[in-house]
Amino acid sequence: MVSSPKVRAPAYRSFGRSALLTLPIALWSLLMFTPTFRSSSRNLTIGAVAAILFMTGLFFMMMRTGTTYRWRRIFFVALGFLFPIGFITTLIAERGTMSIPIERMVSGDTPFCFMVTPALILPAAFARTVVFPGSILPSATNPHSIAIMIGLWFALTLVMGKAWCSYACFFGGIEEGFAGIAKRAKIRKLDPRLRLVPWAILLFVVVVSAAIYEPVYCMWLCPFKTVTEFPAVRSVQSALQFVVFVVLFAGLVVVLPFLTKKRTQCGFFCPFGAFQSIFNKINLFEIRINRDKCVDCTLCQTACPTVALSTESIREGKTLLNCMKCGACVDACKKDAAVWHLKGTEVGVKPERARLLFLYGTWGLATMFGGSILANSLATALHLMHWN
Amino acid sequence: MATGPVCLASCGPVVLPWMLTQPQGFKRHGKRLAIFLAGRFAGYLLFAIVAWSIGLAIPSSLAARPWVYGTVELALAAAMLVYAAGWPHPRCRLVDPEETLVQIGPKVRRPRSGALPLGFLTGINLCPPFLIAAVRAAQFHNLGSSLLFFASFFAATSIWFTPLLTLSWVRRSQSLVTVARMASLLLVGWYALSGIRVLLERISYG
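Here the protein sequences line up with chains R and C, keeping their order.
Reminder that position 50 of the first sequence reads as 1157 in the numbering used here, one-by-one numbering, no gaps.
Reminder that position 199 of the second sequence reads as 200 in the numbering used here, one-by-one numbering, no gaps.
Chain R on its own, in the form it takes in the complex (with noise of 0.2 Å):
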């Protein structure tokens, strides 16, 4: 279903020396799940078994053929389109619907979700206020506790830079898969401003929430509240919440996704996105552009899934703050041109060591967080089909 951009022949590995390549990922898989063969649930055994092969595969597959771009797609469609299923069912079984109540959103009962996070700075600084209505430290409502989810989001972002949006948002993953249903894509030209558009929301969101100390982001504007939670509808301000969320949604992770072969909402939308962009600066990995090599055949601009390049930039050898490092513009370039480096390291020198350094750290934590996902999505999809 999922289509490949215009990939380079790969440059095969021996089976042996890719099998050494993914062994520490191996090994890596294990210890993380390690906890999960205790637990009594066959489901979740299933799930742990199938999570550790699968990215374990992928990554096998990542160090035989060369390629990162369309095992790391796999991976993230996978997580993009399991997460809603194991997250909806525990709200249905828990609450019996995916709307939250009002009241239940001011005990704290809301699980907190990463993108609000760009917006509780200014309101933690000036005025000691978290504007989100969840609980700071875990409880045994809520184990997804502000604290957790900031330290977690924090520790990955550090390693990963912008690859969050790649290898970690569970989010991403299901525009993505839209953007690979079709061959071609109808609509080709964009308008190259339209990047811009999520810092603008980014400082929009945070001084809103700033000035009226709640997240706007989350009560207004998340297109994934549709397949996750939100407000219970009770009044006309929480039915049109409702109607634009979806309408985003459908706007930006299906229809525009999938006749633009791009990721619209990372690209264009997501203020989360931007803010971590500004990570990318920190990040000891990039990818360039050897100039040495580069034939300005631009097909690195159109492989790149979140309009990351610019005629400019490629003449400056470089990709634009919002690069995700999915690797798409490295798999396309056929003149090996597009590269992964090292900071402080020459380019277009040993790119190879610079990718298994990235992929070393990126697919490590991608197994401990969007592993976990998967196994318990898996679990869950597993129990609701009565495999017991």
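Source of the hints: derived by calculation from the structure; they are not laboratory data.
Given the structure is predicted, the values throughout are model-derived calculations rather than measurements.
Take these hints with a grain of salt, some might be off.
The calculated label-pair distances, taken between Cβ atoms and stated as ranges, are [what the hints assert, rightly or not]: (1) Thr167(C) to Leu1464(R): 34 to 40 Å; (2) Gly26(C) to Ile1389(R): 27 to 33 Å; (3) Ala35(C) to Ile1257(R): 36 to 42 Å; (4) Arg66(C) to Gly1258(R): 41 to 47 Å; (5) Arg29(C) to Phe1261(R): 36 to 42 Å; (6) Ala1247(R) to Ala43(C): 53 to 59 Å; (7) Thr167(C) to Pro1131(R): 43 to 49 Å; (8) Gly26(C) to Thr1196(R): 52 to 58 Å; (9) Arg66(C) to Lys1290(R): 55 to 61 Å; (10) Gly26(C) to Phe1261(R): 34 to 40 Å; (11) Val69(C) to Ser1345(R): 25 to 31 Å; (12) Leu1464(R) to Ala39(C): 52 to 58 Å; (13) Leu1464(R) to Gly26(C): 42 to 48 Å.
From the three backbone atoms N, C-alpha and C, an ideal C-beta is built for every residue, glycine too.
Based on these hints, arrange chain C on the given structure of chain R.
Chain C only, in chain R's frame:
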């Protein structure tokens, strides 16, 4: 002074994107921020007079609050549309590096910054600390005390606006100005919808 951060947060949606659309330079920013604060001060003084003159009639003035609130929000939306989002100002059109956009209207050599009207409108905006101050001012026996109280309130809360001058050092790239204008447009929508909602509720429920 303790309410300063809340004042800054309340005015933030107006002042922050607007300042980012202004040209770079400490002196220029200082001057515009001073004019903005002067506008805000004028709003405060006007409100001090109103607050004192209504005096004990506060309960009836509370009924008029939605009208003031809704109208000020709509006026803020209009002012931001012109001065921050830049419509239909030719200088403030969305920046296009390739200059493919058609210029609308005559070219203005020295465009107005809008510091005074924006400052005035934020000055009369009914934010929570301002309402508390208004209730206190209404309890004074003479107009002088009320004016002095609001002048002190203004001076103390304005200190919190001085960090905004650091924005003058942020390099103004085309991208940054475009982002600030796009954010201003979103805020125009926010204030307009908020104002319309308040007025509709007032009309519907009395």
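Consistency of the hints with the structure:
no. : hint                                : in the structure
1   : Thr167(C) to Leu1464(R): 34 to 40 Å : holds, 37 Å
2   : Gly26(C) to Ile1389(R): 27 to 33 Å  : holds, 29 Å
3   : Ala35(C) to Ile1257(R): 36 to 42 Å  : holds, 38 Å
4   : Arg66(C) to Gly1258(R): 41 to 47 Å  : holds, 43 Å
5   : Arg29(C) to Phe1261(R): 36 to 42 Å  : holds, 37 Å
6   : Ala1247(R) to Ala43(C): 53 to 59 Å  : holds, 55 Å
7   : Thr167(C) to Pro1131(R): 43 to 49 Å : holds, 45 Å
8   : Gly26(C) to Thr1196(R): 52 to 58 Å  : holds, 57 Å
9   : Arg66(C) to Lys1290(R): 55 to 61 Å  : holds, 59 Å
10  : Gly26(C) to Phe1261(R): 34 to 40 Å  : holds, 36 Å
11  : Val69(C) to Ser1345(R): 25 to 31 Å  : holds, 27 Å
12  : Leu1464(R) to Ala39(C): 52 to 58 Å  : holds, 56 Å
13  : Leu1464(R) to Gly26(C): 42 to 48 Å  : holds, 43 Å
Comparing the model with each earlier hint shows no violations; every hint is respected.
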